[in-house]
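Q: One letter stands for each residue in the lines below.
Protein chains: 2
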Amino acid sequence: MNFQERKLKILALLDEKGSVHAKELMMVLDASEITVRRDLSVLENKGLITRTHGGAMRPELAKDPTPISFKGKSNQNLDKKTAICELASRFIKDGEVIYLDCGSTVFQICQFIKTKKIKVITNSLPILYELLGTTVSISLIGGEVDHERQAAHGKTAIEQIGKYQANKSFISTDGISIAKGLTSKSEIESETALAMTKNADEVFLLIDSTKIEKDSFLKFAPIGIINSLITDKYSDDIILLKYKELGIKIYK
Amino acid sequence: MNFQERKLKILALLDEKGSVHAKELMMVLDASEITVRRDLSVLENKGLITRTHGGAMRPELAKDPTPISFKGKSNQNLDKKTAICELASRFIKDGEVIYLDCGSTVFQICQFIKTKKIKVITNSLPILYELLGTTVSISLIGGEVDHERQAAHGKTAIEQIGKYQANKSFISTDGISIAKGLTSKSEIESETALAMTKNADEVFLLIDSTKIEKDSFLKFAPIGIINSLITDKYSDDIILLKYKELGIKIYK
DNA sequence: TTATTATTGACCGAATATGAACGAAATTGA
DNA sequence: TCAATTTCGTTCATATTCGGTCAATAATAA
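For the record, the sequence lines run as chains A and B. If you number the first sequence the way the working numbering does, the last residue is 252 and the count never jumps. If you number the second sequence the way the working numbering does, the last residue is 252 and the count never jumps.
For the record, the hints were derived by calculation from the structure and aren't laboratory data. One or more of the hints may lead you astray.
Pairs count within a copy or across copies, as identical chains cannot be separated in the list.
Dumping the calculated DSS-like pairs for lysine-lysine here, alpha-carbon to alpha-carbon at most 27 Å [said to hold, decoys possible]:
#1 244 - 9
#2 119 - 9
#3 252 - 46
#4 114 - 155
#5 180 - 114
#6 9 - 233
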């Protein structure tokens, strides 16, 4: 029995049972233990299976399910925002201090950082509410509370942001384009977001594909203030390439 | 059975029943107690479950439904606190700027000021959420968020309080006596309360009768910093008279 | 045939998973 | 409140599995 035949049998078994043990495969394939493990290693690299201790599973079974069922307002791009934030959360390591701005995109990152041992600095009340009682330590930005935006803003907020220095800053905007830079619908929101970029070592812009190369009415920052752009899989690679040429790291 | 397979069974059981006992899992998974507990620990770190004593639950079932609220927490002297706050609210006029500290007594004032056209400065999250969306304009004090006390504290908070000047300040303490002055169980709470007294024209102490002439362990301010004391009808008039003689206005 | 390459198998140190024991901490019931 | 019971977390020991190297075999080409 050669590798191709064994591969078919392994995948068939997995399709049927969901998971298999190496010993079981040794019997069925009439091969040595090391050969079985080599086969599993090859199949894992192709993404066809996920290895476990002592065997293998179908990838979709081994994958961690999304921890929470988010109960939010009906949002057109919620799936994209969630995917973007899941990706963004991978850049956050234990011990770091991060800024989170008050946009609805950034809010979705909460579900992915609830168990991290980090410090979050934010002016967003929904984020505060969501992270209270978790392992995340929170520094709240004070200021004038804007009921509509559910966040603290104003001169006091800007001043307080200036007192902190964070490792990373995660912000979102209403639009970005190479010509106009970062644009926003709200002056007060953009001011706090801008302050967060100035006081962080690394700035991540979280923005879904529908807002790239689209402008809102208020220009508030040049493209150069962001270090990385995280977006969803539907974004245009040709356009993203132009951003990359400007020195911005792209993740999608 | 390896970890991945056990994980699937644990999550499936939780999805079905909402909660499981460790002994039950030992039977179903055919694993030792320590292995079960280790599995639960790993799944908890991923945020997929919440551990309980003797088992686990689905996170959304175990989560505190209203993390920001004093409701149900300190109903000890609720009637007294409510009466005190109703009385205190009469001193608040439209157009004024007032400090509210983060004690459970002061929180009760919210229900009486929701329709006033005032500005409230506070570090209390329950007060913030209670007044959001009302006619009251809110200035939020930022700082380190203390989950247990549901408020922002620390050096940053103190500094920010120093920037505002209010007409009136409403604070509460864990104890007051002529001999020891104002005393508190918590250093961080008392520090913010003290800052609020320094930056207001008039200071009101809201305290129920069970705490008068009782001391807590931390002395944080002399009696002289308060201008008025508001308490309930069960307080001792003889004792109150002594406070009055010290120049403090008494309301009950 | 001979040389070369690919596949397979075996060995061994390293990494991981599991289990048992014991003191610490939390829960329960009086 | 206090004591008894249960449960938790840490540490150590054991068993299983993993990955890398080297040797043996089979397949292929010159």
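Q: Within a copy, between copies, both or neither: which one fits residue 114 and residue 155 at a CA-CA cutoff of 27 Å?
A: Cα proximity of residue 114 and residue 155: across copies only (26 Å, versus 30 Å in one copy).
Q: Under a CA distance limit of 27 Å, which applies to residue 244 and residue 9: within one copy, between copies, both, or neither?
A: Result: close neither inside a copy nor across copies, 44 Å intra and 44 Å inter.
Q: How do residue 252 and residue 46 come out at 27 Å by Cα distance, when the copy is not named: within, between, both, or neither?
A: Intra 20 Å, inter 23 Å, cutoff 27 Å: intra and inter.
Q: Treating 27 Å as the Cα threshold, decide for residue 119 and residue 9: within, between, both or neither.
A: neither (49 Å within a copy, 34 Å between copies)
Q: Using 27 Å as the alpha-carbon threshold, which applies to residue 180 and residue 114: within, between, both, or neither?
A: For residue 180 and residue 114, neither the intra-copy (35 Å) nor the inter-copy (43 Å) Cα distance is at most 27 Å.
Q: Give the relationship of residue 9 and residue 233 under a CA distance limit of 27 Å: within one copy only, between copies only, both, or neither.
A: neither (34 Å within a copy, 32 Å between copies)
Violated hints, in rising order: 1, 2, 5, 6; the structure is consistent with all others.
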